[in-house]
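Got chain H sorted already, so can you dock chain B onto it with the hints?
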Amino acid sequence: MQPREGQVRIPSGCAISGMFSREGKRMDGSSIIKSIATMHDRSNGLGGGFAGYGIYPEYKDYYAFHIFYDHKAAKLACEEFLEEHFDIINLSKIPTKKHPRITDEPLIWRYFVTPLHTKLKESQLDEKEFVVRSVIKINTKIEGAYVFSSGKDMGVFKAVGYPEDVGEFYRLDEYSGYCWTAHGRYPTNTPGWWGGAHPFAMLDTSIVHNGEISSYDANRRYIEMFGYKCTLLTDTEVITYMIDYLGRRQGLSYEEIANVIAAPFWSTIEGMPPEKRAKFTYLRNVFSSMLITGPFSILLGFEGGMMALNDRLKLRSMVAAEKDDMVYVASEECAIRTICPGPDRIWAPRGGEPVVVTLSTHGQNERSKESA
Amino acid sequence: MGINYLYPDYEVVRNSGRCIACRVCERQCANEVHAFDEEMNVMRSDDAKCVNCHRCVSLCPTRALKIVKTDHTFKENANWTGETIKELYRQAGTGGVLLSSMGNPQPYPVYWDRLLINASQVTNPSIDPLREPMETRTYLGKKPERILRDQNGEIAYNLPPQLTLNVPIMFSAMSYGSISYNAHESLARAARELGTFYNTGEGGLHEDFYEYSANTIVQVASGRFGVHKDYLNAGAAIEIKMGQGAKPGIGGHLPGQKIVDDVSRTRMIPEGSDAISPAPHHDIYSIEDLRQLVYSLKEATDYKKPIIVKIAAVHNVAAIASGVARSGADIIAIDGFRGGTGAAPTRIRDNVGIPIELALASVDARLRDEGIRNHVSIVVGGSIRSSADVVKAIALGADAVYIATGALLALGCHLCRSCQAGKCNWGIATQEPELVKRLNPDVGSERLQNLVHAWEHEIKEMMGGMGINSIEALKGNRLMLRGIGLNEKELSILGVKYAGE
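From first to last, the protein sequence lines are chains H and B. Heads up: the first sequence begins at 1 in the UniProt record's numbering, then just goes up one per residue. Heads up: the second sequence begins at 1 in the UniProt record's numbering, then just goes up one per residue.
Isolated chain H, as found in the complex (with noise of 0.2 angstroms):
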């Protein structure tokens, strides 16, 4: 038999593409799917998958947990677990389209869940971190069970085969989100399994990447010690929970984040002046293991806003583009002009500088009002 993602590190390259609006507004999947099927050639039928965000709205207050279940008993045992620690709000089947190029499909649930308070009370953590936990002793411990999703208000759809498939598969022009993210894979090796396609995502936190890191051994060592898990071995996996404990557990900003994980040379900090200097020798200092070497591209979707980042060399491609308040980025240009023929403006980011973009206050005025 052949392994699956997890027991053996498998390199991909990959296209990626995403797409953001600043005014809140929402817009279906058919968007994403024709900005990378537009790349099809960047993958190879063996993964591809989406994120999107603002696509719950009426369950905007609680965790929307999707897991692949290998078998019933995985099933019967996760949901035994989640019962235990959660309130569940709603499950269903997460609703998908018969596909001819889609198959060998696992049962894929979906459920709105919040911890139980006294279960969260005795566990001492802060919610969130009660949720990473409980995600985590799912995938680690639960045989045939795991969790792909985990956020509020968004969702990761994700499957093998070509990303344009996969999304008419999840029928994603049925929702709706005011950013969407997309991924197609290229890995080296059949992956064995769906949980190995990207995106991949931990709380709203979800990325797609493009590369084959040459630190991964260096990250994945260093952040299983506060506590993580790597179980795919894949780059996309490590980099998510690196941004996980910056961001949420050092309280790093996103433009501080790119500064640890693609920081500067020390040629270019010596240049800067004092104040700034001190601060990114700090950063580098201190979260030296958090370095990310070798190539890679990553589009990182958070809640309220979307992160693009290059590995420090740009040893992969990446574009962005603008018009009126929607933003775009792509591997390749011809992803974003698809879907946006006439952009304002269409740049290529300097490799290590992230492009950050986040709901201006009119949509975020918006996002608010439909939770109402």
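If you are wondering where the hints come from, they were derived from the structure by calculation, not from laboratory data.
Here are the computed lysine-lysine pairs in the DSSO-like style, where the Cα-Cα straight-line distance is at most 30 angstroms:
1) B:LYS69 - B:LYS86
2) B:LYS143 - H:LYS279
3) B:LYS304 - H:LYS279
4) H:LYS229 - B:LYS497
5) H:LYS141 - B:LYS497
6) B:LYS497 - H:LYS137
7) B:LYS143 - H:LYS137
8) B:LYS298 - H:LYS279
Chain B in isolation, oriented as in the chain H frame:
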């Protein structure tokens, strides 16, 4: 002669057709191997005095000399080897403990040589160090657990004292006394030029070398030789020597003949007295005592210097290191059983301790399991022989390495392993002025810089091949290593996969 007679291990071979009887060999040999026979007008040599240091060979202007291993032999016996028999005779003759120098020469496995380094192909690019920046700067010291912010939301710089290294290679502890003034000067000057550190060892700091204090690690060992407040404050860091890889469990030995004028003043002990450090620190009988010494030294230096605790690699090294990491130490130095020494009991040198590769791997893994790896930096030594060893050590989890035998080789040492005799013909492990002056610090410091620069280039080439352009991304990156010729247990301790996996 008679029952105590041992045939010499090495024979001096002189090509009489080349020898011009210039008597250079005679003047160069402090062991008095060579003598001129005026009657016959030829040079003669006494093989029994030869330590095989190659001084005469190197300086013979007509290449008339070579040293060969003798073919004189006992009847072959895999159990009672010639070496074993001779050592037994010597002990039967004297009743003494066998002494020797430098690192363990026995044929134990060298794990560095059973680890292979990765390189990028196709799926990600290698990086060309001739065309792209390649960074080797390393900070040693404890890292804060939490980012703190001031009232304006700016990051508060809560970083404990750190050492900044341009390359992750430092010169390990060798005391003034065990090695010469000129050797120390060479090390100090090279450390300053290279942007790294040398280590005083346990013999104090000569007053002339305070000018290099920004690149000096001062050591506090069980004998406390040369320790005073100015000395502690002179160093960039303070190292508490709990143990040494060459002789775990015992203290330093320096024979009285090496305690001459300046050495005696620097060590603060009488001339000619043997400097035998106690086996333990008599104020440290347990881990909580170590914590007190760590904090005493921090108090004495106003919390401005990182404290290094140096331990020998012994069986329980992971648990010991974990205890040290909780003692307030900023850096742990681990010394493997192949580490060198100026003098050690032979049986201890050859039989006590464990290889540094296994010790490093298990310490790094244990500290990560405990979640305290970033509370301390790890420096390893004993023995690092090449840039490849450095790359492998860092990939296993070290922050930096210590080199000492390698540094002495750069200064001219030929590894004759006779340091304890104090007659080093290369001017390194001696205090005899005529010998010391053979080592020119201008040349010595330049050769040390050359060595480290050469290694630095090679490290960058290997990093670039792996697609890594900064040394911190190599630290603990064990996927970059594969084992060869190792069993399952060795692989699991080293935390690496087998080649081909």
